[in-house]
Structures are given as C-alpha cells and as structure tokens.
Amino acid sequence: GAGVSQSPSNKVTEKGKDVELRCDPISGHTALYWYRQRLGQGLEFLIYFQGNSAPDKSGLPSDRFSAERTGESVSTLTIQRTQQEDSAVYLCASSEQGLQYFGPGTRLLVL
Amino acid sequence: QKEVEQNSGPLSVPEGAIASLNCTYSDRGSQSFFWYRQYSGKSPELIMSIYSNGDKEDGRFTAQLNKASQYVSLLIRDSQPSDSATYLCAVNSLNTGFQKLVFGTGTRLLVSP
Chain E
955 GAGVSQSPSN KVTEKGKDVE LRCDPISGHT ALYWYRQRLG QGLEFLIYFQ GNSAPDKSGL
1015 PSDRFSAERT GESVSTLTIQ RTQQEDSAVY LCASSEQGLQ YFGPGTRLLV L
Chain S
6 QKEVEQNSGP LSVPEGAIAS LNCTYSDRGS QSFFWYRQYS GKSPELIMSI YSNGDKEDGR
66 FTAQLNKASQ YVSLLIRDSQ PSDSATYLCA VNSLNTGFQK LVFGTGTRLL VSP
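Line order of the protein sequences matches chains E and S.
For what it's worth, the working numbering labels the leading residue of the first sequence as 955, then goes sequentially.
For what it's worth, the working numbering labels the leading residue of the second sequence as 6, then goes sequentially.
In case anyone wonders, no lab produced these hints; they're calculated from the structure.
Just to be clear, a hint being listed does not mean it is correct.
Said to hold, decoys possible - SDA-like cross-link-like pairs, simulated, lysine to any residue; straight-line CA separation at most 25 angstroms:
1) S:LYS7 with E:VAL1028
2) E:LYS965 with S:LYS47
3) E:LYS971 with E:GLY1052
4) S:LYS47 with E:VAL1028
5) S:LYS7 with E:PHE999
6) E:LYS969 with E:GLU998
7) S:LYS47 with E:ILE980
8) S:LYS47 with E:PHE999
9) S:LYS61 with E:GLY1052
10) S:LYS47 with E:ARG1061
11) S:LYS47 with E:SER1007
12) E:LYS965 with S:TYR44
13) E:LYS1011 with S:THR110
14) E:LYS965 with E:ILE980
To be verified - FRET-style restraints, in silico, Cβ to Cβ:
15) E:ASN1006 with S:GLN85: 39 to 49 angstroms
16) S:SER31 with E:THR1032: 30 to 40 angstroms
17) S:ALA22 with E:GLY1025: 41 to 51 angstroms
18) E:ARG992 with S:PRO86: 19 to 29 angstroms
19) S:ASP32 with E:ALA1008: 18 to 28 angstroms
20) S:SER17 with E:ARG1018: 34 to 44 angstroms
21) S:GLU50 with E:LEU1063: 23 to 33 angstroms
22) S:GLN85 with E:PRO1058: 15 to 25 angstroms
23) E:GLN1037 with S:ALA22: 40 to 50 angstroms
24) S:ASN58 with E:LEU1065: 49 to 59 angstroms
25) E:GLU998 with S:PRO19: 26 to 36 angstroms
26) S:TYR76 with E:LEU993: 43 to 53 angstroms
27) S:LEU115 with E:PRO962: 24 to 34 angstroms
Just so it is clear, CB atoms sit at the ideal spot from N, CA and C, and this is done for glycine as well.
Construct the complete structure from the given sequences, taking the supplied hints into account.
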C-alpha cells in the first residue's frame, strides 16, 4: 500500500516568511509524528497526534511552530516568521501499534 | 545523561564481516525497541523491532535485547557495501508516553568492499 507522503519535497523561503508543510499518513494509522533533523544531527521530536486526543506539543521549539491534524488524516506543520535556524529536513511519521513509518521529508532552506 | 546513547562512529568493517551496533537507554520502564536505517539524504527506514529479552533474527539482521543491562544491539551478518548507512536506535519511553519514541543520534556504518 501507499506509504507516508509529504509535500513539498523541497522548500526555499526567505527569512520572515511563513511556510506550511503537509503530511499524508498511511491510511488507518492513528498516530502521527513530526520530527526535525538538522544536517548531520539526530531526530528532534516536535509534536505527536494520537487519534482525537489533544496533541503532545512538548517538542515544539517556539510559538512560531504549530501543527494541526483533523481526525486521522492529513497533518500540516506551520512555521511562522521563519528564521535561518529553521533550515532542516522536516520528517513526518505515522504509526500503528508502535511501529513508526517515515515519509520522505521536506527539506526546508531559509535564506 | 541522554535517554538513548549510541556511538556516533564511523564503524568500519570489511565486506562479509559482522557489524555490531550498540545502544544503551536510561528508562528502565521502556518496553519497545527499534532499529532504523538511514541512508544519506533519505528518511529513516524501520528494519527491526524487539520487545523481549534475547535475540530476534530477520535475514542477515539480529537484534539483541538485555533489559537488565538496558542494552540493545543490532548485528549485521555478511555485511555488504549497501549496508553503509547510519543506524538509529529508538526506544519507547514511558516517561514521555507509550507511543512516543526517543531516538539515539545514530551510528554511522561503513562497509568497505
């Protein structure tokens, strides 16, 4: 079946602009995660959605970051007033029974 | 102390050898353990999961778990150059929620022909 998909695959933006990243999880997966991976670094947890429960936002680095998910479908990660330090690959993963499957990521470059 | 620790490497092994990748974790309540492979410029790919003490084999891969020592490892037999990648250990942490995983920073493996 189809895996996790993310769009856009690459995004170049200017400092101060807002960006929106999209994740389409595997159908039927109730859990969805966003991670950030800076060049040469490990995975940094951002936010976790589980069904209709309140999301775990404990990993969001600042109030410029927000994410939404409606039910068990698409999620969007929004970064407002982007900074150069936001440049990274943003990875989405969906999960069922604890097994996480990653999308291809969105590579964000803030100039 | 980091929750999940891995040696960053690189771990260099010749083709055909056994590669041994190690991971330690701090949360004694952890119940699920995973190994992901990440090729350069790509996203992590799940290769193994293990939930109980002992060994679990899948093809050339063997995951080993020792909860008493808080230690999980991945053995790759008959290593191939195509196995060259960064291997991420991930552990579910009850401190952060059952479904959430904490990732190590990964060990880079280089298999030379």
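Hey, E:LYS965 versus E:ILE980, does the alpha-carbon distance stay inside 25 angstroms?
-> Holds, because 23 angstroms separates the two Cα atoms, which is no more than 25 angstroms.
Given the hint of 41 to 51 angstroms, check if S:ALA22 and E:GLY1025 actually sit that far apart at their C-beta atoms.
-> Given range 41 to 51 angstroms: holds, Cβ gap about 48 angstroms.
Given the hint of 30 to 40 angstroms, check if S:SER31 and E:THR1032 actually sit that far apart at their C-beta atoms.
-> holds, 33 angstroms
Distance restraint evaluation - E:ARG992, S:PRO86, Cβ atoms, bounds 19 to 29 angstroms | holds, 27 angstroms
Assessment of proposed distance window 18 to 28 angstroms (beta carbons of S:ASP32, E:ALA1008) = Holds - the Cβ-Cβ distance for S:ASP32 and E:ALA1008, about 23 angstroms, lies within 18 to 28 angstroms.
Restraint check for S:LYS47 with E:SER1007, where alpha carbons must lie at most 25 angstroms apart = violated, 30 angstroms
Range hint 40 to 50 angstroms: satisfied by the CB atoms of E:GLN1037 and S:ALA22?
-> For S:ALA22 against E:GLN1037, whose Cβ atoms are near 45 angstroms apart, the range 40 to 50 angstroms holds.
Using the beta carbons of S:TYR76 and E:LEU993, state whether their distance is inside 43 to 53 angstroms or not.
-> violated, 29 angstroms
For the pair supplied as a hint, S:LYS47 and E:ILE980, confirm whether the alpha-carbon distance does not exceed 25 angstroms.
-> Holds, at roughly 18 angstroms.
Pairwise beta carbon distance, S:ASN58 to E:LEU1065, judged against the given window 49 to 59 angstroms = holds, 50 angstroms
Holds or violated: S:LYS47 with E:PHE999, Cα cutoff 25 angstroms?
-> holds, 17 angstroms
Quick one, are S:LYS47 and E:ARG1061 close enough, alpha carbons at most 25 angstroms?
-> holds, 11 angstroms
In terms of the numbered hints stated before, the structure departs from hints 1, 3, 11 and 26, listed from lowest to highest.
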